[in-house]
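*Asks:* This is what each chain is made of:
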Amino acid sequence: MNEAQILSEVYSTLTSLGYGFIDAIPPHIYYYIKDNRDKDYHIKVDKNIPFEEQNISDEALSVIAELHLRYFCNSETEKSQIERLLEFNESKASEELIKNIFKK
Amino acid sequence: MSKWNHMKTIPIYSLTDEERKEAIKEWAEGNEHLEKLLWNCYNNGIETAGCHYGRSSYFQIHVNDSNDAVRRMLYKAKEIPKVQVLAVMEGHNPRSGPTWYEPSLSFGTFSIAEADQDTLFNTLNDAIEHKDEITPPKEDAFGTMLDIHEFFKNKGSSLMFRVRKDAEGKFKFTTELWGRKGIEEYCDNLFKKAGMKKSEEESHLPEWVIEADDYEELSKKMTHFRDVVLDGWNLEAPTEITDDMTPGEKALIKRKEYGDSEEGQRKLIKYYESQIPKTPLSISIKRRTAYLKRRIYSKTMRFARRVLGLYDDKKKVSNERRGEER
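Going down the list, the sequences are from chains E and X. Numbering-wise, the first sequence is residues 1 to 104 according to this note's numbering. Numbering-wise, the second sequence is residues 1001 to 1326 according to this note's numbering.
Heads up, some of the hints might be wrong.
As the list claims (entries may be wrong) - Straight-line alpha carbon distances no greater than 30 Å define the calculated DSSO-like cross-link-like pairs of lysine-lysine that follow:
#1 E:Lys39 with X:Lys1193
#2 X:Lys1082 with E:Lys39
#3 X:Lys1138 with X:Lys1193
To be verified - Covered by chain E, per the in silico footprint, the following chain X stretches (three or more residues, Cβ under 8 Å):
#4 1088–1099
#5 1296–1302
Hints in this document: simulated from the structure, not taken from any laboratory. Quick reminder that beta carbons are idealized off the backbone N, C-alpha and C, glycines included.
Okay, chain X solo, but in the shape it has when bound:
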């Protein structure tokens, strides 16, 4: 793993100019459009939280005072093929970097075609650069994701909101409850009032869904959802740790006690790891790696990276036919 690309987020403002140039080059993973996007965000005060260029790329940001630019990015997002926009309301893993607890918005594509990865980054670049030419309308499906994000960001809801477009142009807006098992019934009642139904797909987490055949229908349904839920939600963030919480939820509360200094972060990671349920995979390094004594080696690992949509070799990527689909 390299100095800047080791799966932990690094606050970009903490780097020197030279380090920043190096880091952005690495984070862009050889894609010039992603590199331009990283610079555009930095120069316009949009705090980036993570990115990946591969089959199914994504780009993640923390929302601060750059709401106008973010609203434009959301408005343009419908132009991205097989787009997915995620609103992650709380972090779940203190090991992922010092800003782990902050909510984020994430733009991605499920397409594996290389041209579509470029479209993802270029669309977001356009949104940042062309301020005066883009005016998002009042009823805008993806724009409501920002309203939802702003409302839920300190509520400790453990909800994850996701809106995506499939290859046929149909849309799905879903919300999943990633913790706080005790509020599932409360969410069910409120979300059903807001037009959602409980998902019939097998999922290990409670999930609710809204489906729409086109963007206009999605906009109407999501606007209704936003209005009902933001008006009806009356739960506060939990302040006491309880046994039924996830390790991430417990860490969010513990963070207030330990603080965000380096020492505080170290203590918090130790605490978080102590809360992960014990399994053979969590006991010792020897036990955790015993499964690797099967037939797993470079060929199968290359295959694994391909299955996960992680590019292995950028030279091979450039030889793939543009527009190739599964």
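Only chain E is shown next, with the shape it has when bound in the complex:
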């Protein structure tokens, strides 16, 4: 998956979320996503279904996570929750890496 396709998935996700999210992002960043996306690549995103249950790539969700951390958080509690989850994912990823080394 290339960057343009990832941005296309991010754009589809943002437009499905609509106001309250799109207008939380600085306009330059919004237009960067819009202009650099692959206009021939589309995914359908339903704002009423949790993202983890939809066909959105991990790469695109990482970009959404970065936007979430910077612009969508409503409170410090939410920011801390995101940072905790990322740390947890980091330690899980390290464990898997170690397991795989020893499997070989």
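Starting from the known structure of chain E, arrange chain X on it as the hints suggest.
*Replies:* Frame of chain E; chain X shown alone:
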């Protein structure tokens, strides 16, 4: 997030001298040209509204009595590679800081080459510093952005104007309607008279476009657009809240009732959040962060920052080859 760099705008005039020095240092994100630009704006009464140094940097200002300097900045902007100038006519998000509702002009570049980020800031610095050497002509494409900005600033139009130059030197001037769905037909009729056509590109917002092969052609077309639209626009800013408005539009009207005190701003943010349509991402923190249980961690987040054009590590930036393009 640091004390000064936490994505909310901080009015620079509200800071002490010491705080201002600290804040400008942080806002410049290690770029000396951006730091100089921030000081130049402060010393010349140009109110800055936001900035970013990275792949695709930008610099945002509120226009007040510094129109001469701003006009020079607009005139010089065509020298910036892959330049983009935005006129944001209304704020949309009360959470972004106490001046959220004010219109702004924004200069940026779509280039990812580090040298071009410096060119962006240096060009704007030149425009502020060399007052007597720069005389913008009457017909000037980017200069019309200031006329458009001044006309629309209290009209509640929900329009966003954008002019940009691509790598081949061709130009696009677009306008998007970010709210006020009810006026789409009115805009369509007026903008078509002014030489625009409805954009064929897929966009979730109504968009109109003017294209030009060079700056001279763009100047003629934008001057015509300005003359027709500023003469023909007869809509006033809405004063009553209606159901079809965006949360930001409703907040703009509600602001008059709540005022701009700290308490007023708090009430307004609460009101704004209550107007955001409910989705799984807006219900609870647990629901809002559930998607993060996928394989998202530091490596993917670094990749995400790179994709968005946000520099992660300034040391890595200095190792990138100058002039490197995608």
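*Asks:* Run every hint past the structure and note whether it holds.
*Replies:* Right, here's what the structure says about each hint:
1. E:Lys39 with X:Lys1193: The hint holds at about 29 Å.
2. X:Lys1082 with E:Lys39: The hint holds at about 20 Å.
3. X:Lys1138 with X:Lys1193: holds (22 Å)
4. 1088–1099: Holds, because 5 residues of the stretch 1088–1099 of chain X bring their Cβ atoms closer than 8 Å to Cβ atoms of chain E.
5. 1296–1302: holds (count 6)
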